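Participant: Please model the entire structure based on the sequences and the hints provided.
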Amino acid sequence: SQQGEEDPQALSIQEGENATMNCSYKTSINNLQWYRQNSGRGLVHLILIRSNEREKHSGRLRVTLDTSKKSSSLLITASRAADTASYFCATDPYGGATNKLIFGTGTLLAVQP
Amino acid sequence: EAQVTQNPRYLITVTGKKLTVTCSQNMNHEYMSWYRQDPGLGLRQIYYSMNVEVTDKGDVPEGYKVSRKEKRNFPLILESPSPNQTSLYFCASSPRGLVHEQYFGPGTRLTVT
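Those protein sequence lines, which keep their order, are chains A and B.
Quick note on my numbering: the first sequence kicks off at -10 and runs consecutively.
Quick note on my numbering: the second sequence kicks off at 2 and runs consecutively.
Keep in mind that the hints were calculated from the coordinates and are not lab data.
Don't take each hint at face value.
To be verified - Covered stretches of chain A (chain B as the covering partner; in silico rule of three or more C-beta atoms under 8 Å from a C-beta of chain B): (1) -1 to 7; (2) 16 to 28; (3) 31 to 41; (4) 81 to 89.
Said to hold, decoys possible - With a cut-off of at most 30 Å between alpha-carbon atoms, the simulated BS3-like pairs for lysine-lysine come out as follows: (5) A/K58 <-> B/K19; (6) B/K18 <-> B/K70; (7) A/K15 <-> B/K66; (8) A/K45 <-> A/K15; (9) B/K18 <-> B/K58; (10) B/K72 <-> B/K19; (11) A/K89 <-> A/K15; (12) A/K59 <-> A/K15; (13) A/K89 <-> A/K45; (14) B/K18 <-> B/K72; (15) B/K66 <-> B/K19; (16) A/K45 <-> A/K58; (17) B/K19 <-> B/K58; (18) A/K59 <-> A/K89; (19) B/K70 <-> A/K89; (20) A/K89 <-> A/K58; (21) A/K58 <-> A/K15; (22) B/K72 <-> B/K58; (23) B/K72 <-> A/K89; (24) B/K58 <-> A/K89; (25) A/K59 <-> B/K58; (26) B/K70 <-> A/K59; (27) A/K15 <-> B/K58; (28) B/K66 <-> B/K18.
All values derive from a computational prediction rather than experimental measurement.
In this text, a Cβ means the ideal position worked out from N, Cα and C, and glycines have one as well.
Facilitator: Given below as C-alpha cells:
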C-alpha cells in the first residue's frame, strides 16, 4: 500500500488563485518532500521539510507538516498557467530506516489562464 | 551541467529480449535509485544503491537487476522483459541517502510487446 496519498487527485483553478494539495502518510518519517512533474517528464524537487519542522516557504510555495496527524499540505499562491503539473509527496517511512523513498499517487493541477 | 542522464529515452522491444537502461550522474552522488511510473500508481521504487557495490531491493524488484560498479553509473537490467514491465522508468540520485533531495533523470519510456 502507498505510504503517501495525495488529495485531491485532480484540481482545476483559475490563474491567480491559490492551490492547496494534501498528503497523508502512515509511518514515522525523517522528512517529507514535494516534487513537481510536467507531463511525462522527470520530477523536479520543490521542498524538503524535516520531521521537526512545521512550516517551510520557498517563493510562492508553502509547505506545512503535522506529524501528529501524519499529514502535509502544499500551498501554491497566486498560481500561474506554468504551474500546471502533477505534484507528488514522498516520504522515508519508519524514520528512514528502510532507505526507501515512497511516493504518493499525485495531484494533477490544472491552472486555467 | 549537473545532471542525471538516461539512455535510451524511448525503447520498444519484444518479450524475452534482454535489455539494459543506463543511468549516469555527474554529481558524485552516493545514493542512486530506479523507479517505475504507471498510471494511477504513482512512482514505485525498483532498486536503490547506497554506494558503490551496495544495492538493495525497493518495493517492486521482481524482473529487474541492477549493478553499481562505479559511483556514477547505475544500470537497470531486464533479463527477460514481459509486457507488464511496459512503463515509464526514472533514475534518480542524491548526495547521501534520503536526507537530501533526489535529482531525477528525464525518463525512459519502455514498451514490451
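Participant: Given the proposed pairing of A/K89 with A/K58, does the C-alpha separation stay at or below 30 Å?
Facilitator: 22 Å, holds
Participant: What's the verdict on A/K15 and B/K66, does the C-alpha distance respect the 30 Å limit or exceed it?
Facilitator: 29 Å, holds
Participant: Taking 30 Å as the top limit, are the C-alpha atoms of A/K59 and A/K89 close enough?
Facilitator: OK: A/K59 and A/K89 at ~18 Å, within 30 Å.
Participant: Holds or violated: B/K72 and B/K58, Cα atoms, limit 30 Å.
Facilitator: 18 Å, holds
Participant: When you check the alpha-carbon spacing of A/K89 and A/K45, does it fall within 30 Å?
Facilitator: 23 Å, holds
Participant: Would the pair A/K45 and A/K15 pass a check requiring their Cα atoms to be no farther apart than 30 Å?
Facilitator: 21 Å, holds
Participant: Given as covered by chain B, does the region -1 to 7 of chain A meet the bar of three residues or more with CB within less than 8 Å?
Facilitator: Answer violated; 0 residues pass the 8 Å Cβ test.
Participant: B/K66 and B/K18 were given as a pair; does the straight-line alpha-carbon distance stay at or below 30 Å?
Facilitator: 14 Å, holds
Participant: For a C-alpha distance cap of 30 Å, please report whether B/K66 and B/K19 respect it.
Facilitator: 11 Å, holds
Participant: For B/K72 and A/K89, compute the direct alpha-carbon distance and say whether it is at most 30 Å.
Facilitator: With Cα atoms ~19 Å apart, B/K72 and A/K89 stay inside 30 Å; holds.
Participant: Under 8 Å between beta-carbons, do enough residues of the region 31 to 41 of chain A, three at least, approach chain B for the coverage claim to hold?
Facilitator: Satisfied; 5 residues make the cut.
Participant: Is it true that the CA of B/K18 sits at most 30 Å from the CA of B/K72?
Facilitator: 27 Å, holds
Hints 1, 5, 26, counting from the list given before, are not met by this structure.
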